[in-house]
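S.K.: So you can see what is in the structure, the chains are spelled out below.
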Amino acid sequence: MLNKKQFWFAIIAILPTFAIFGWVRIFPIIETLRLSLHQWNLLSKNKPFIGLENFRELFGDDQFFEAIVNTAAIAFGAMAITIPLSMVLAGVIYHRTRSRFAGFYETAVFIPHVVSLVPAAMAWKWVFDAKLGPLNRLIMAFGGDAQPWLFNPVLAVICIILLVSWQTLGYGVLIYLVGFRNLPKSVYEAAKLDGANGIQSFFFMSVPLLKPITLYVSVVTLISGFNVYAQAFILASDTQGSPGRLVRVLVLDMLENSFQNFRVGYAAAEAVILLLIVLLLTAVQFGLLRQGRRK
Amino acid sequence: MSKINFTKRLSAVVCVASSLIMAGSIAAKAENIVIWGGFPELQGFYERVAESMKATHPDLNVIVEPIGLRDHEKRVALALSSGLDETTVFELIGSTANRYIVNDLLPSAPGNISAFVNNGANFDPFFQEVAAVDGKVYGVPLFRGQGALFYNTDMLAAAGLDGPPKTMAEYSEYAKKLTKRDAAGNPVVSGWSLRLSGGGGGIAEKFWINLHQFGGSLLEKSGNGYKASYANEAGLAALRQYVDAVSGDKTVTVEMPADAAAFQREQTAMFIRESWVIGDTAKKAPNLNYKTALLPRGSIALPVNLYVSGGSEKAQKAAWDFAIEANKPEHLIWMLDNVGWLPNRNGVDYSTVTKAKPQFSAFVDIPEDYVFFTLPSIEPINEILTRFAAKLTDAYANSALVGNDAAMMKVLQESAEETDDILKRAGILGK
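Protein chains in written order, with our numbering: chain B, 18 to 312; chain E, 15 to 445.
Because the hints were derived from the structure by calculation, they are not lab data.
It cannot be assumed that every hint is accurate.
[Claimed, not checked] Okay, the calculated bits of chain E under chain B, using three or more residues with CB under 8 Å as the criterion:
(1) 76 to 88
(2) 92 to 101
(3) 266 to 272
(4) 390 to 396
All residues carry an ideal CB built from backbone N, CA and C; glycine is no exception.
The shape of chain E in the complex, shown without the other chains (with noise of 0.2 Å):
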């Protein structure tokens, strides 16, 4: 009796084991792939893709862990130098990306992926080249942030004013108009909502493009090298309209809500942002009456390409499928309709979208003379946009640069000096 027993405790334990052994291996066949985004709107988007690919992919299991742009950006500084274990698709803005390609740390794209990056009925030779460096495809384009003019229809009509702003000067003298004010003649609704505030270089990059507007740059390319341009007068206009606006004319206060939750909530008129807060609108504020327009001379374009590091080759390879997936029409359609973010691939029908949303024409009807600008894809560029961005915080907040026209200019000289010795350390000041 004690025998049977004992082969019967041996048999049941062998086929456990057995079972173990066999589930072990099936859940090694299945290959896991992680989407880090810096874009939370995003997720929806990323999981249509995985989803899409169950088809081609059936043993393939997609993780999408999108969190905001700051954080993404340290945690991917964090991950490729120290090394990944899983396969991961980065999402990364062409600018910010070069810099870890220099240093060898994310791969070149494979042969079947250069080629569909470089063929032009895919992408325009704009987007070729942020997601090439010296000629190599490193990345896919995917989408891009372009700015134009956010305006409240219902409170430009209530101001007596038809249409949008066309030139820099029209901005400060809708701005004056379309401010709201209590009985103290304290500011409550904004006439133009400014970038005003909080830390990182988005204070900058606002200011790049409004100084865009006025002729100017940030930086510009000069010999093998960059150097700082703004301390000029597009610099000092530019600057006087943002001072003007907070201490002199008060149409915006540094406390006031900003950004596209305050035009949601119809406490600014107007504000200057990317597509995303088309589908962003749709969501919170479907009934907000409003439309967009083109900037009096251009506009940013920052290109956010998918790149693939860590894992093993079947991953990667799953990977870069996942990017190509990413670019089908329907997915960018979609993205297009339900985020707002432009899809930069060539080809694709979007006048669905655009003519069930009109505002999106802002950022699609570009006349040929619109001038875009990029952030160069220099080491430092973060650098100089964040201490330029902690210059530009003061200057808005001082009251006693209203009028002073010499004041400004000082501040955007010392700010200039400190931009260049950025570039000097990096080794790319020009001449």
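Next up, chain B with everything else stripped away, as it sits in the complex (with noise of 0.2 Å):
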């Protein structure tokens, strides 16, 4: 228990990080929230309070329905691929690998996650380019038909998904990779006495105690994928005459209201609503875990 002078000593000892922590993460959300109850063409020093009017028109325009049902099928598309691939791949690389190759194959894994994302995207449009991408090719090498991957508005979706899912892929291993470091080996020892083979053991065993990481991983990367945009301006990139469907997601749509519309007000409304639909979700998925607990 502290006494009154080393409490306070420890106050402002850490008031300094407050404030900047509330510079840089409180203020900008309570100014967003402000401005959300305003129209501001960012230019102006008028902004005329309007109340939930921005929120009213947002909710009868197309586009941002049409960013929101992308952002989420990405999101929750790279979520449902990320999980399982890298809880399997932690556990392949955990029991399998013990050996001076564990740490090679650990690194191999992170890597696309510390790949800096333009080039990597770039090269990812190369793969998928419709004429000369060797995804068609390889598609056609096995008699099938090459396809329009980056003009389909369903598979322009899907190769974001794949972006997505490459890069977070590593980042999820190493998380998992932690969890099972972290397992009680009796456990495991316990079941292969009852008769338990290897994925038996993982499904039953490994995926339920990893449920505290299960949950981490998915909020961080559902929060990563709401919140996706140079992947979809990279892979149809605003270039003259580009070959590519830009794919509207949500951060998109608030740089193109706020900086191409020039309606701050606005964009800020659709930031509030993903902040919302992120802070939602992450509750939802508490709550999931809690309930699991107490089962």
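Can you join these two chains into the complex? Each is in its own frame, and there are hints to help.
M.R.: See the structure below:
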């Protein structure tokens, strides 16, 4: 228990950190909430208060709904691929490669996460190219038809899901590896004695025990997925005559409304909706974890 | 001994400190101006202008930073709204600059600059009007974007076509004859490359050029405002032509290479674009046999001006001097010859360039009845174009619209309602 002097010293010591945190994290959120209730074209000194008018308009905007549907598809799609795949990969690395090669496999899986996003997306754009891309060549080599990966609205979203999953997989594997290393070995020994094989141990022991890790990875992947922008922008980048379909996602819609359409209040309303969606999903995920623990 | 050493050390420190202060003050005398452009191909032009200013402005340091147009527009929006420390010369399309001027974010030009711009010997009234608001000059005209048809003469000859298309119906016929297909009937070389995908309002702008040939316009002035004017026969004809090309006749597809790059690689026989393609093709495909032709009715003309903001009064004066220097005949001729953008200044003999590169003829030899249009200087123009572009992208890829005039008209009507809603929100919907 701190005495008064120590208490105040502790407060003063962390105050600068809180001040910086408040300035770069809390203040922008409050300001965004405030701006969403105003009309502002970025340039004018006038910011008239319009109440919930921006939100009313948002809920009648086709482009906003298209952005939400695309963003949700990308976020959940990437999560659906990343979580099981990273868990399995982490399990394989942990259980099968307890040698000097374990570090190599960890590094190899983690490289996509640290590679710069822009050149990686440019490379994937070439992979998905309808005429020159190796993916279509591979499909045609097996007798299939070349697909317009970056032009079809559904296929373009799938391409972004694959790109986002490729990048987040390494991070998920790393976190799951930490989880595997902290699991109690006695549980597995007991299961082995009861006749459980590797796959049974994985599904009936590892998966439930790794639930907190799964919650963390799912929250991080989902938040990251809902903030997707660069991948959508680069795969169909806004260059003259660029052959690609610009997949409308929330962040892109916000940037377009702010800096091309000069409707900052409207874009702020979109940001508020995005914040509420992410908070709701995070609350649901934590709720599911608590339910699992009670059981 | 120690006293002498101390004295020596003190003298050395004083010398070093004095040198640093002097160096600092010398450096402080140099003025910096930054050139922000939205057309990276003009980097060499601005550097050339900066070089030529060294004689009259020896202390002037010019930093040239052109980037892609959409990103340039975003950085200008952020920079002007948050304030600039360094004096910056902005390259802006006239309709885009208007929003900054009405919000007092761009200063008016000084007297000598206004006199230069308002001199009829230097610029036509069209360019003077775009550079001014309510009669006050804010920018210096530099160049314009103006569209014309580019066509591959070898491909036309091989298809038995004598000369370029002269009507929009001929454009479609030519496209069918010029398209090359593989064994399965899929187009591998497009007959007429169209802007069908990607982000931004460029799709809507290119559609407007085609719409103009049918006698239509995206927006028309109505009273004190504007209204959407493309949900009509002209709009239908323009949209029908696109849909037929993509999904009906299949003379072009969404995933085919497009635009200047495709033309230079002979992956398309013709396309409509601005004059910068001439300079670009001279570098990338010097052996390409091609010509240009006037469009059937007229073309878009997008004047680009230079504006100045930020920094000290002295640096701003140097920046305005830069804008005047850029308009010197030798630099404008160089720009036309090496980059291809059309200078706006009158009284300059461009014949050495236009004779050596006859492709410029469709841009400079303009008949009396050629009708130009430009983007209106209204606040929501970007939003209107961007939202319309999103609707067009979906329509082009929708094969169900082929032969279905009612469905195409519905697309245009829904989009026109959206355009009118945007105009109404901005308070400029005409009656």
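S.K.: Now, for every hint given, state plainly whether the structure supports it.
M.R.: Structure-based check of all given hints:
Judged by the Cβ-Cβ criterion of 8 Å, the stretch 76 to 88 of chain E is covered by chain B as claimed, because 4 of its residues qualify and three suffice. Counting residues of the stretch 92 to 101 of chain E whose beta carbon lies closer than 8 Å to any beta carbon of chain B gives 3, which reaches the threshold of three, so the coverage claim holds. Only residues whose C-beta sits within less than 8 Å of a C-beta in chain B count toward coverage, and the stretch 266 to 272 of chain E has 5 of them, enough to reach three; the restraint holds. Coverage of the stretch 390 to 396 of chain E by chain B holds [criterion: at least 3 residues with CB-CB distance below 8 Å; count 3].
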